[in-house]
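As a plain string of letters, each chain reads:
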Amino acid sequence: MIDSLHIQNFLTFEDLNISNLSRINLIGGKNNSGKTALLEAIRILCAGGDFGVINDILKNRQSFVEGNPNSYDALFHRSRLVDSKSILRLNDFLFERNLEESDKVESYFIINKNSKSQLQASQVLTTYPRDNSIFISFEAQFNELNALWEKVVLTPKEDKVVEILQKTVTPNLQRIDVGTDKVRVRLSDVVNPIPLGTLGDGVQRILHIALGLVNAQNSMLLIDEIELGLHYSVLEKLWEMIFYYAQKWNIQVFATTHSQDAIKSFEYIAAREENLSEAQFIRLQIGRNGENEGIIYDGEALSSMLDLALEVR
Amino acid sequence: MAQQLIVEGKDAIALANLLKKRSLPSPLGYETSRKFSNDFVKQAGSVSKVDTVLENALLQPSMNNIGIIVDANNVGAEERLNNLIKTITKTLNYTFQAQPKLTSRGFTTRILPELMLGIWIMPNNQDDGYLEHFLLDLIEKDNELLVFAKAKIEELIVKGMNRFSKVKKEKAILEHV
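For the protein sequence lines, the chains are L and C, in the order given. Going by the numbering used here, the first sequence opens with residue 1, and the numbers climb by one from there. Going by the numbering used here, the second sequence opens with residue 1001, and the numbers climb by one from there.
Just so you know, these hints were derived from the structure itself, not from any lab. The beta carbon of each residue, even a glycine, is placed where N, CA and C say it ideally should be. Mixed in with the good hints, there may be bad ones.
Unchecked claim - To give a feel for the contact side, a few chain C residues facing chain L, derived at Cβ under 7 Å:
1. Ala1016
2. Val1053
3. Asn1056
4. Asn1065
5. Leu1136
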């Protein structure tokens, strides 16, 4: 579990300090407030600064040019990228940009953790980023889903995936088969297997999140825009599953949202006795003093905000 | 620029209608009555919830104008003001240069370059009482209906037939005016 986050000079964040993190954290805020950036910071932290992960993040942001060290400039907050040496910080990780030898990736971009180890970028590709967390983006690719499936197929966790889908969105689901390019399912009331795609985007999204959940034991599950394609009633059941397995399997969850439905259903589940003190909502914003802020609402505070129909997003 | 009026009780619709009746313009950005009653006027319910609503407004950097209307009841206008000031001080980590004081026109101040604040304690920023005392003052004293309603409400109290608490007598009168 990450208990606190201190991010400096990274993407949207000039300096963000969140002193308390819960097991389950729902993150809101306006566009460009840094919701995805916060997930990416955690991804890098969990991966121990692995360059495959960093490159993958840059690639998702259309900022990665292979072999070009200047690509990494996009990671730094724009206002701090002025000197020949710039420092980017994610908790105790320090990333140093050294422009004096800008032709070499390894000297251009150095990672220090407590000044003990030094990793090198060299020729790391993005095809297989060595994530230690599970990141589910809002435009998740089939190969990501497939990779998660490969880790659980023919294990008891495969049954858990089916169970999560049954309890959230497809009660008549019997079995899942993930092929190289498509997912097929067997439903109790249909003789032949049918493509998952015919059940709608929401079902595929739930499958991806369920796979993320069963693969994230003792680690992190990061979900960008959790509400995508999901009806509000499904969201509540999904939160129920996330809360249950996060506690059972020691998973820390960070999810972002723009949706009032996602927040409302989150609050319903967070307010249950067994979940109190396990969850919080964080709104990212630029405060009145012009600085990055993470306003934290614990379960109780979130309930009173919603009771009063106040805007928390 | 966003603005918000935090009101103890449920007076948003009444306020919206009052503006309309007096041909006063709605606040900028809150022209439709739904937006006015949902977003501009925040109904805090009981006074204990005003703090939560106020804290939320203060924590939203885009909120530039915040007005607060609460009842003095029998707690007193000064104490109501002081409690609100405490919430402001705590939430914004802000220290007032001088002790805020109520005048007959309430308390207004610009506490940050981008934040104007106004506090009004019903009925008159001075005495105990509530919104209805203020509203009763607006009605002409010899208004026929008012005189009648007052007499009948008094009669109910004398006969012990009142189903409202005596402290809420003014609310009961206004119900019938």
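The hints, checked one at a time:
{"no.": "1", "hint": "Ala1016", "result": "16 Å, violated"}
{"no.": "2", "hint": "Val1053", "result": "6 Å, holds"}
{"no.": "3", "hint": "Asn1056", "result": "5 Å, holds"}
{"no.": "4", "hint": "Asn1065", "result": "14 Å, violated"}
{"no.": "5", "hint": "Leu1136", "result": "28 Å, violated"}
In terms of the numbered hints stated before, the structure departs from hints 1, 4, 5, listed from lowest to highest.
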